[in-house]
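Asker: Line order of the protein sequences matches chains A and B. In terms of UniProt numbering, the first sequence opens at residue 1 and continues consecutively. In terms of UniProt numbering, the second sequence opens at residue 1 and continues consecutively.
Hints were generated in silico from the structure; no laboratory data involved. Be a bit skeptical, because a hint or two may be false.
[Unchecked claim] Calculated lysine to aspartate or glutamate pairs in the EDC-like style (CA-CA distance at most 20 Å, straight line): (1) B:K113 x A:D72; (2) B:K210 x B:D259; (3) B:K70 x A:D396; (4) A:K5 x B:D306; (5) A:K5 x B:D74; (6) A:K152 x A:E305; (7) A:K385 x A:D396; (8) A:K215 x A:E234; (9) A:K370 x B:D259; (10) B:K18 x A:D396; (11) B:K370 x A:D95.
[Unchecked claim] Okay, the calculated beta carbon distance ranges per label pair: (12) B:K116 x A:S412: 55 to 65 Å; (13) A:G155 x B:V430: 22 to 32 Å; (14) B:K190 x A:G155: 46 to 56 Å; (15) B:D290 x A:K394: 40 to 50 Å.
Even for Gly, the Cβ is constructed at its ideal location relative to N, Cα and C.
Protein chains: 2
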Amino acid sequence: MSIVKPSTLPGFMELLPKDQMLFNEMRDIIRENFEKHGFLPIDTPVIEKSEVLLAKGGGETEKQIYRFSKGDTDMSLRFDLTVPLARYTAEHMNDLSFPFKRYQIGKVYRGEKAQKGRFREFYQCDIDTIGMGELSLVNDAEFPVVIYHTFKDLGFTDFTIHINNRKILKGFFASLGIEDSMNVLRVVDKIDKIGEENVLSELTELGVEKKSGEKILDFIKIRGSVDDIIKSLEDLKIENEIFLEGLDEITQVIGYMRDFGIDEDCFDIDLKIARGLDYYTGTVYETTLDNYPNIGSVCSGGRYEDLASYYTDKVLPGVGLSIGLSRLFYQLNEAKIISSEEKSLVDLLIIPMDDCIHEGIKLLSELREKGLKVSVYTEFAKLKKKFKYADQTKVDYVIVLGEEEVKSRRYSLKNMKSGDQVEVSFDELVEKFKN
Amino acid sequence: MSIVKPSTLPGFMELLPKDQMLFNEMRDIIRENFEKHGFLPIDTPVIEKSEVLLAKGGGETEKQIYRFSKGDTDMSLRFDLTVPLARYTAEHMNDLSFPFKRYQIGKVYRGEKAQKGRFREFYQCDIDTIGMGELSLVNDAEFPVVIYHTFKDLGFTDFTIHINNRKILKGFFASLGIEDSMNVLRVVDKIDKIGEENVLSELTELGVEKKSGEKILDFIKIRGSVDDIIKSLEDLKIENEIFLEGLDEITQVIGYMRDFGIDEDCFDIDLKIARGLDYYTGTVYETTLDNYPNIGSVCSGGRYEDLASYYTDKVLPGVGLSIGLSRLFYQLNEAKIISSEEKSLVDLLIIPMDDCIHEGIKLLSELREKGLKVSVYTEFAKLKKKFKYADQTKVDYVIVLGEEEVKSRRYSLKNMKSGDQVEVSFDELVEKFKN
Chain A
1 MSIVKPSTLP GFMELLPKDQ MLFNEMRDII RENFEKHGFL PIDTPVIEKS EVLLAKGGGE
61 TEKQIYRFSK GDTDMSLRFD LTVPLARYTA EHMNDLSFPF KRYQIGKVYR GEKAQKGRFR
121 EFYQCDIDTI GMGELSLVND AEFPVVIYHT FKDLGFTDFT IHINNRKILK GFFASLGIED
181 SMNVLRVVDK IDKIGEENVL SELTELGVEK KSGEKILDFI KIRGSVDDII KSLEDLKIEN
241 EIFLEGLDEI TQVIGYMRDF GIDEDCFDID LKIARGLDYY TGTVYETTLD NYPNIGSVCS
301 GGRYEDLASY YTDKVLPGVG LSIGLSRLFY QLNEAKIISS EEKSLVDLLI IPMDDCIHEG
361 IKLLSELREK GLKVSVYTEF AKLKKKFKYA DQTKVDYVIV LGEEEVKSRR YSLKNMKSGD
421 QVEVSFDELV EKFKN
Chain B
1 MSIVKPSTLP GFMELLPKDQ MLFNEMRDII RENFEKHGFL PIDTPVIEKS EVLLAKGGGE
61 TEKQIYRFSK GDTDMSLRFD LTVPLARYTA EHMNDLSFPF KRYQIGKVYR GEKAQKGRFR
121 EFYQCDIDTI GMGELSLVND AEFPVVIYHT FKDLGFTDFT IHINNRKILK GFFASLGIED
181 SMNVLRVVDK IDKIGEENVL SELTELGVEK KSGEKILDFI KIRGSVDDII KSLEDLKIEN
241 EIFLEGLDEI TQVIGYMRDF GIDEDCFDID LKIARGLDYY TGTVYETTLD NYPNIGSVCS
301 GGRYEDLASY YTDKVLPGVG LSIGLSRLFY QLNEAKIISS EEKSLVDLLI IPMDDCIHEG
361 IKLLSELREK GLKVSVYTEF AKLKKKFKYA DQTKVDYVIV LGEEEVKSRR YSLKNMKSGD
421 QVEVSFDELV EKFKN
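Model the full structure from these sequences, guided by the hints.
Answerer: Below, the structure written as structure tokens:
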């Protein structure tokens, strides 16, 4: 028989068990935090009708999508969890309570050019709160709280949630006579990547006067404490209505965040945050790890005016955010911020001699009955091979079970790290390893 | 703007949050049990190279598969978790410890004809133990133990794990002069669906003599306790080597199962279990719910001689089993064996009056700080609408927070089921709802 080389497609992440355990641990922490904050789970299909998924259409999305037909059906793999959420909310509207708080953790697909750290299949962990007709600003403040607790629980101490409000930028641009703010926003959003000079020249290309361009640069460089920045913005005395609305919103959101008791060190206002996506309309967030700025934003989102206008004429404003878990995991691993260790799911491995396998299983059952995490090696093999397995699986303790141990019910407990051995009774074993 | 009707493709399950919570609870119990028994997690891509996934090729699989191209790449969605496991094990062989015990819980895809209770996207929950070159029969006994604990934890009390060994059937058929046992096995496997008469006539079509057909029927109808059946099989004095090997194996497996302490009421030997798949070579399992025989097998699997012969020339024998969770969930729900209730993720909802929202959030934070599961309604709305939300989300207790409560720090706690109200202090709240 001819052998097919076993391999995955390029751009598809696949982990060894030890890394998978670490990945799952992170995914569990994220899920727990989402649930703790009252977000309900949904799990939409990976495949949707192309007509539904591409209702908005256009742009990069359509090029990257995995789209195919079977029979007469034109279908596509989801490329994010937001479009499926819009479809879900519109479809099941009458069965949901609003504000509808949902989370979804799942794989999404983008046929991007394969490159280091970019994946064609990756996990997104999304939360969104959707209002029916309206949704209070308190929700804009709750999302940083969820990020805060999630990243704390993931073990990060130094991270910053950067907050801005698009209306502030849009209103400021309008006060300079710039009406097409979307393109200007996109240029501004790139400043950390392309630098000030390039921002200026791209703005000029868009027809922004040099003086206005410089004012924009000065504006987005306003620094200081949250209160300082709010004060500076007030002091600008800009009379544009949208600007003032944005300023009022961010002031309220910061106020609510303080009510939530979020650590002042963990957030700031950053006026250059704009987010590339055009559907954000108010508050926007990005989150960076203070000591690893190169990783970029690890969690982003914002407020949008209308989630599902392609599927319903009901107006559904919302706030959402997304953690790109596969990418985050990859980057943390690459930067050695996290590292997986081979670790055993059990605390103790019973190694029975070949003629004591029955007794090994019985001991296993008795110990499991007591709630211990224990396993038994049941292959017929030389003792050396059995110990090699113990070594490889990184179990901490081992008992070798021979006729004598079976008779005496006393066991020689070997610490695999130190090599120390102590003789213990069944009860002492239980005592040592329970919990 | 024209509206696209929001809908999913036929054959794709999608649940409301309350059902999703129940589904996730079942999935968590399964995962916990798999991990408790020492199975390590893996998570292979949903998309694989067609060349790899279809290395075996042929049959129904190829017709049902979702296969498509992007650029030059011919790819397919996985139709089970076994072929990806084979590829994974062969690819990462040098980084794995054998016996390699892994679990995978994930969605698989089959473009079957859509029909009630059959899904085109569904969850499988698989465990397999893979040996390098050889694998002891103890593993065949461990799988029923995992099923046993999993189904107990899922809340089932009456279920039966049916065990058989294909070698017993194959050897018995050979003793009747039937060499092509595979087709006969497939016919026998259908007996519960098509009945004895049809089995007899299909066997005749295969060229089996009527007398042999009747002997087969008598054979697979042998009933009794596990020990009775083993005795009956011994008493047949069949001298066929394969038969005797099968009989020896099942005797050993039952012995090991007893060592594991599995409840005798929960398993039997059922000689008509053959499993349709041709790759099982020894022990086979099916599991049925005693009070719901119509649901059929809820968990099946068995022993195979060589997992990954298409990808490596190393011989990798294994034992595996699979729970088809989507189908199981659907059937349990349809039969009203399980039923989801709208239930709240929190124990208590704070409903602040419109002018006390800040104080509502502060109270929320203080209570969360104490570990309580609590939420706050933060939309500006009439009290009636706020209570409607409390009703819809099925939260058990509510506090309305007005100026007076903020000042006095005493709260009127309303039981939403009984309508009773009691006045409580902050500490009394904490006391009542902690844990």
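Asker: Compare the structure with each hint and give your call.
Answerer: Hint-by-hint comparison with the structure:
Simply put, K113 (chain B) and D72 (chain A) have alpha-carbon atoms about 13 Å apart, close enough for the 20 Å limit, and the pair holds. Using a Cα cut-off of 20 Å, the hinted pair K210 (chain B) and D259 (chain B) is violated, with the two alpha carbons roughly 42 Å apart. Of the pairs offered as hints, the one joining K70 (chain B) and D396 (chain A) is violated, with about 48 Å between alpha carbons and a cut-off of 20 Å exceeded. Proximity of K5 (chain A) to D306 (chain B) is assessed by CA-CA distance (about 17 Å); at most 20 Å being required, the pair is judged to hold.
This hinted pair checks out: K5 (chain A) and D74 (chain B) have alpha carbons roughly 15 Å apart, not beyond 20 Å. Distance hint between K152 (chain A) and E305 (chain A) is unfulfilled; the C-alpha atoms sit about 30 Å from each other, more than 20 Å. At most 20 Å may separate the alpha-carbon atoms for a hinted pair to count; K385 (chain A) and D396 (chain A) meet this at roughly 17 Å. Restraint check for K215 (chain A) and E234 (chain A): satisfied, since their Cα atoms lie roughly 16 Å apart, inside the 20 Å limit.
Between K370 (chain A) and D259 (chain B) the CA atoms are separated by roughly 16 Å; this keeps the pair inside 20 Å, and the hint holds. Taken as a hint, the K18 (chain B) and D396 (chain A) pair is broken in the structure, with Cα atoms around 41 Å apart against an allowance of 20 Å. As the CA atoms of K370 (chain B) and D95 (chain A) are separated by approximately 33 Å, the hinted pair breaks the 20 Å bound. Range check, K116 (chain B) to S412 (chain A): about 59 Å between beta-carbon atoms, so the 55 to 65 Å window is met.
For the pair G155 (chain A) and V430 (chain B), the supplied restraint of 22 to 32 Å holds, since their beta-carbon distance comes to about 28 Å. Roughly 54 Å separates the CB atoms of K190 (chain B) and G155 (chain A), a value that falls within the hinted 46 to 56 Å. At about 41 Å, the beta-carbon gap between D290 (chain B) and K394 (chain A) stays in the expected band of 40 to 50 Å.
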